[in-house]
Amino acid sequence: MRFVLRRLGFFVITLWAALTLNFLLPRLMPGNPALAMLSKFHGQLGPGTLHALEVLFGVNTQKGLIAQYFSYLHQVFTGNFGPSLDFYPESVTSVIGSAIWWTVGLVGVTTVLAFVLGTGLGIVSAWRRGGRLDSVVPPVFVITSAIPYFWVGMVLVLIFGITLGWLPTQGGYYVSTDSPGLNLTFFQDVLSHAFLPAVSLLITTIGTWILTMRNTMITTLAEDYVRMARAKGLPGRRIMTDYAARNAILPNLTGFAMSLGFVVSGAILIEYVFNYPGVGFLLLQAVQGEDYPLEQALFLLITVAVLFAILLADIATALLDPRTRTAG
Amino acid sequence: MSLPIGMPAAPDTTGPVAGTEPGPVAGRTRPPADHALARMGRAIRHNRKATTGTILLVIFLFAALFPGLIAKDSPSADAYAPKLGLSTAHLLGTTAYGQDMWAQLVYGTRNVMIIAFVVGLAATGIAVLIGVAAAYLGGLWDGSLSLLTDVLLVIPLFPLLIIIAGYAHGGGTLVLIVVITVTSWSYTARQLRSQALSLRRRDYLEAARVRGERRLYIIVVEVIPTMTSLIVASFLTNALYAVLFASSLQFIGLGDPNTQSWGTMLYWAQNNAALQTGQPMWALAPGACIAALGAAFALLNYAFDEIGNPALRPVRRKRVTRA
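Protein chains in written order, with our numbering: chain A, 1 to 328; chain B, 1 to 323.
Isolated chain B (complex conformation):
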């Protein structure tokens, strides 16, 4: 699986606004988290990659929340003649079992989105916890937590996932979520650790220490909010991995073949030799959706990368400078 390029150190969100955005600088000081989120909102509007990614993501979110509004058929009923072609009644035709493919596609969105968001959040949570704790506590803590991260980082994940899912005998979505979360947090934990390390000697953290705050308080209230943009990037990376890994596992039959999802659609398509028997849509449509959802996460991630590292921004030949 080709990995997205590692994020370079994220922008300094604590100092005064770097001269990257012409937005107005408020006279009063804002809390750093609010600040970072506001920057992100602006970025989404101004960066073409970010806009595309956001639009794609919103479409898929809508399909996941209200599939019934988009597809009128039931995804599981074998109610129609098998192997129908594309028509207005069946936008993508029907499967070899007589199920409406468009309905399967739309209803399958929810499973992928749940996996993407739950794994994204959980893996990022673990990554933040371990990365920041390692950087902030230092010493033996850092040594052992970093070692754990590095070991997990180099063990080939996909074969490991296949083996664990194989031992677990296709235990369905929950097993997929747990297995992917447990194995995939290390990449982002490493990035978060390096950024937290660079924050360690900041004055405001020294001030908090001098005030006598507890370590947990400092980590949760002072360190983590300043890392918001990198944490969001970590979420996007983990969500992308989750989409690709989960769909791949379902495709090879290591998920529960009865769930409605894009990966299981591909599994049934492959099992019925859909390509060879003139039903290419059965395999093409779910694959295209996986690609589009993955691209949404990847585009947002690259957009944040560009925002953090102005050198990578696309060169515009003619640009009217805004007053």
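In isolation and in its complexed conformation, chain A is listed as follows:
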């Protein structure tokens, strides 16, 4: 319990740090960049939204930094992130709301797939130590872990999208011929558009799962209770899954809980390469269009997602690993 409480405290502190960072960054930059943004939109914004933006970015205010800070916090906690400037008059919240499902669908499914496949391969690779799988898999994935994943995406676009022409490479669906709806054509459309980005993500993320699982599993296989199980003459499959893998999977499970938080931000460059209409693409659009309110809100969203996931991972660890309960 103390362990969970301590992690909860850490969660609060980090959230506060992220909020403060978000508050300070535009104010610390030489020549507050938001000033230029506001003058660009001068006359187009209503007085209410203008005020909201002034509070968020500290422009045209006579108040001291501390007072600015508190009105900023108040506004963030009431969920008022102002209007998006690129998509004006839509609010930041509604712009993000329509993008997030694309990301959650694409990256969420891929994360689960990568975890399941990678952990499985890691188990088998460690169990058949020195076998064919084990001699190929680790070196290959040492290399894929160093490849920039947007580049994997570009190579796939070139091969399957352009040279072979099998799959679409841009966007989330055929915007001109199809419209979102609950029908089979749209479903197939979305699936075919998600295929290449999903494969690029899978290729570049699966290696970490394989290697972590394999390396922990190798340590576990040397434990006495595994030798005991062998001595008892238990079938190999049972030793592999119930004795070794069951105990070795903990780092991968906590890693999985954490990677759920990175679903929101984990594919920024993949979405960029494929023009996929998700949150990452939106963030880059916001940065390039100097849509600071959208940037701020997205960064907060991404951080909060990661923090929640870490808290989840901590709680999972506390539930699954008795050692953390006594150590706390």
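None of these hints come from the bench; they were simulated from the model.
Don't take each hint at face value.
[As the list claims (entries may be wrong)] Partial selection, computed: residues in chain A whose CB lies under 8 Å from chain B:
1) Ile13
2) Ala18
3) Leu19
4) Pro26
5) Ser145
6) Trp151
7) Val157
8) Ser265
9) Leu269
10) Thr303
The model shown is predicted, which means the values in this text are computed figures rather than measured ones.
Yeah, the Cβ is synthetic: ideal placement off N, Cα and C, and Gly gets one too.
Knowing the structure of chain A, use the given hints to seat chain B on it.
What follows is chain B alone, placed relative to chain A:
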């Protein structure tokens, strides 16, 4: 970005040589730093991953130092017909602006290498300072420094980098170096702290304390040299991050688009739809170089990991034991 697996606690470099290398044990005692470096040199020769990584790194270093010896053309001159294919005159063809791509690639090496080495060194420096100070000073120092490290560790770095670089309006290589350094030291600081913690109660440190040495002296002269192998590993990790982060930022146009580098090549390739207009080399070549340089750092890092943790070494089926 997929991260390399965390290094487990590094080998005990202070005790007698663990029976992992059959090398001769000198009768006299050597200073620990020299000892660790000698072990590393041996490791590079004996470990296939380390050898590959070193060779790749040396090639890129050469290209960064003497680009003129490898490419005869100027990388920035729009001197040729645009969109030429591969030929002996233009090994990789020319861009849509009529620049020689091979020259761009070779001259672009320097920018990436500078970022990798400067960020690698600076971030490792900060990590050593904070990690070791936290472990050695303990108490409130440890509490606050560790908290700082942990907070930075969980804030999503790449989005943060994008936001800062966006506010800074693409300020060029120096801005990239500063921003990446400031945000990316925490991962290695944490590893260094745990190793320094395990060293804290060693006899020779107690001896130094009893001798009445100052804390700074103990940290710099007694603690840090014994951690050489983990510090080198930290450098490799940070350099790998720097290569990937900097290239990614340049790719999305948050660097200075006029610098010669692999990331900016990718940026221009993407802007000119190089893949769709039949110039795949414009995007493929710099990406492959980033991957190769990243792989060099990653391979060296994994090699040191294996050296530190013999259980992870590849199993060789038949191995003639050396006498």
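Against the structure, the hints come out as follows:
1. With a cut of 8 Å, the hint placing A/Ile13 at the interface with chain B holds, because the nearest CB-to-CB distance is about 7 Å.
2. The interface hint given for A/Ala18 holds, since its Cβ lies 6 Å from the closest Cβ of chain B, which is under the 8 Å cut-off.
3. Given hint, A/Leu19 at the interface with chain B, is violated; its Cβ is 11 Å from that chain's nearest Cβ, farther than 8 Å.
4. Because the beta carbon of A/Pro26 sits about 6 Å from the nearest beta carbon in chain B, less than 8 Å, this interface hint is met.
5. Satisfaction of the interface hint for A/Ser145 is found here, the shortest Cβ-Cβ separation to chain B being roughly 5 Å, below the 8 Å cut-off.
6. Among the interface hints, the one on A/Trp151 holds; its C-beta lies about 4 Å from the nearest C-beta in chain B, closer than the 8 Å criterion.
7. Interface restraint check for A/Val157: the shortest CB-CB distance to chain B comes to about 6 Å, inside 8 Å, so the restraint holds.
8. The criterion of a C-beta within 8 Å of any C-beta in chain B is met by A/Ser265, whose closest approach is roughly 5 Å, and the hint holds.
9. Satisfaction of the interface hint for A/Leu269 is found here, the shortest Cβ-Cβ separation to chain B being roughly 6 Å, below the 8 Å cut-off.
10. Hint on A/Thr303 holds. Least Cβ distance to chain B is approximately 6 Å, under the 8 Å limit.
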